[in-house]
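Could you build the full structure based on these sequences and the hints that come with them?
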Amino acid sequence: MAILGLWGTAFGEEGKLSGDISVTGVIREGKDSSAKFNEYRDIRDGIYGSINLKYDTPKQYVSFESKDIAYDTQSYAIEGGWWDIFRLRLYYDEMPHNFTYNARSLYSGVGTNYLTYAGATPVTNSLGWNTFDYTIRRKNMGGGLKFDYLNPFYLDVNVDQQRKSGVYPLAAAGTTPGGIGIELPTNIDYTTNNIKLDVGYSTKPLFLSVNYLYSRFENGESFQNFRNPATANTAAAMDTLYLPPENDYHKFGFKGGVALPFNSKFSVDLSSARARSSVTLSNMYVSNVTAAASNIGIRGLTGVALSNPYFNGNVSTDQLNLALTSNPKPFLNAKIFYKYYNKDNKSDVITTIDGANTYHNHLFDYRKNIYGAEVGVKLPAQFRVTAAYSFTKTERAREDFPKNRDNLIDLGLKWSGLKFMNAKVGYEYLDRAAEFHSLMDPVANLEPWVRRFDAAGQTRNTYKASVEFFPLDTLSLNIGYKYKHSDYKDTILGLTDTKAHEANADIDWQIHKRLRLFGYFDFEQRTLDQFQRQTTVNNDPALPPTATSFNWTSEAKENSYGYGIGADISIITDKLTLSLVHNSIKSDGTIDYTYLLGALPLPAGQNQDTIDLSSWDNYRLNNYVAKATYQVTKMLAVSATYAFEDFSYEDSQYSNYLYVPGTTGYMTGAYGDQSYRTHVVFLSVNVKF
Amino acid sequence: MQRKFLVFVFFPIVIMLYGIAVPLQAVSAEKGGRSETCKACHQGHYNSYINSPHAKKAIRKSPANAEGCESCHGDGKSHIQKGGGGGIDIFIFRDKKVDGTAKSAKCLDCHAESRTLSHWDMGAHKTAGVSCDNCHTVHSGKKMNLKTAQPELCLSCHRGIRMQITKQSHHPIREGKMKCTDCHDHHGGFEKKLIKAGSVNELCYTCHAEKRGPYFWEHPPVEENCQTCHTVHGSNHGKLLTHRVPQLCQSCHDATRHPGTIYTNFGNFGAASQSNRMFARSCLNCHSEVHGSTAPSSRGKTLVR
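Protein chains in written order, with my numbering: chain A, 1 to 689; chain B, 1001 to 1305.
For lysine-lysine, the following DSSO-like pairs were computed, each having C-alpha atoms within a straight-line distance of at most 30 Å:
id, chain 1, residue 1, chain 2, residue 2
1, A, Lys634, B, Lys1143
2, A, Lys489, B, Lys1193
3, A, Lys329, B, Lys1077
It is worth saying that the hints were derived from the structure and are not from the lab.
Here's what the structure looks like:
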């Protein structure tokens, strides 16, 4: 208020102060062990508030917005400026990301980078373990200035800082190859600072912009140290999980556009960016004291020889976009474009000699050349057709698929011939050709038979249709359907086929000045088919099955639907309103496995039905909200809201959860208990002025 | 922390604004128009207009410095002579049968020089005939004159996304902590899906800078496109994964030993062939560094450290 008052006095002009202040009390009751309810929220017993203020004069304005004051989702923003001269904005925003409450760990030191336990071996009774929450808190703050005083020249400056801190579930294998799995509560302490500058000239017929971005990521923890129960070492021998390296990122860019005859425009976007990291590589690792001949004999550490102990990551990205758009006639618009994108990895290649094994890091990079055209034409009888074609050539430094060629066609037709409806149909076709290479012997290896879906050849057909009805000004009804089918036509082993059906419908009807009804329904079915091979020696998938070398398939199916219904009711005009909403979403997933063993039997005790998974991320979320608002005066409103939310989650991989599953690992309960049922009451007072 | 932020950032900025703003001078006068005549019949619309930035004379190109209502609705002389009526000899935006390009042209008369619209011609919205008034209302005094808040505004056309953002694994869009426009440039741009970066990964690194590397040991599909494994709007599977682990990993990693092994219901907790390659997070129980690693030897190469 003081700021706004100062502002008004400064201008010496008569201004208008408006805004609203609200205070909300929250009472929550329900199962609190699941973090899912508050995954990105902070709904708990207490009082929070919001203040929104705006001071507006004929020439200037300043506004202040705040939400959820005193809660973990609080946000504040202040913005002010002089119309057509400048605008300045500052903000601060918090958000939690809660993963799991009351997780358990055999380790002490959760929340630090040093996880250890007492004694020679960990306690296996998890009831005595330390409990903690898997939670990341995100805090963003920043500001920006838009300066237009020298119009058509402009200047934009933005600075921001993003902080993430908390405990996150990562993991490590006890030994490698193979070994137990150890879930590690990892300390997260990330800070990213960004600054963006944009200087430009914007008028008809010319637009020019030069921009620069600097981003620095800092990691407060380079390592998560942990005592490894699989290596039989002393407490002093700490194993290490390596956390993301710090990096610097610079990007310079230029954008431009110039108007041409025939209502055309030529646009260009050119940029060059570089990301760098610098890491001192470790020349040893913790292993079982008896595991390696090269064991250097101290605390179970195995030494490795590095051709260079310092790794300098250096990835540059250059891109060029060119486009010519034209709207020569009111019924026609068209675009032709070209894009070049090159990611060049100039990082260090370092050789590691570890006993009899030699490794070197492979530098991945890629480049894309894309060109295409789009056209939109308005036809007689209120038809509008759109057509687009693009060709993409991808070249990547990868052994299996060094090249892709994509032909993409997109067609759309819209009809607006009736006063009360619009109808649209669309079709998209993708043909991806992939060059496959493998230097490995297909008899001795499975690799030559694998086609990785991200780059494998495929044909994809997508069909879309939708109808929008608006027979009355107060009624709209929409229906849509989409079918997408990807056929990985060249794949031998891997993902072979995906299908997705999507349907949706919604209605919004102001039946009466006192009553509005609305609702929606969404449906989705996804199917993913894989063909795989389990083998030790006989790699050719065409070979007849044996007990240890055979093919198998999986068909994953997800059926999901969601709906919502609601009503806004004006019980006393301009005084008392009631809002009722119910939303629901449900998903059922299954996996149908098939052993392709021919006449051979499945493993003892198993058959083709009992191996299937019936709960594959099955969940149902229901919520009900009833809100009554009473407008006491023009300025004062009070409201009472009751909300009920019920989330049930079931999954085969988390059923019968074990913290110490035999000799296969040490778990912490991450993501293990997600169901909740919660009632919440909100009581609010809102003052507007 | 918050107090420090107020003391060291907010207050100095306010004082700076004061210093900059006071010497600046105001602007031109209104040229003409029949806004007062319009007001007689359209009191509600007039009131909302007068409270909007369009009525600010301090904005050089505002209707207030031109023909007022007629700047957007056209000459109203004939409309008045005929006694008014919706769309009678006057341009109105709510007429769903008026071509979107024609509606946008009205707005672009003044806004085409705005830097935020410098690439409007490039976008799929223009090609599809979407007009400014599909999202904005000229009479509102609200911020950006949006008809409704995001994401509802965008979902009113992009209905297929509605289900995605309500799935159990989602970005915090429905919680109001992310907006569609954080990632998409709705006013047009060079990129597919109007994303605000030169590539998908570049966009994701805006908030997930820790994934930027560059890593000593890389996972190539990760470096090329985050969407190989993640879907952006919502998923039935945790971490916005397109497919559940181990299936997702096995789609690419079929080999002797455990990558090619069939892990079924018999690999889950307490089952006969219980396996840490199947229960809980499956492959990620060991290979958690899937975005890259700087660990030594095979530990880094296999992304288990």
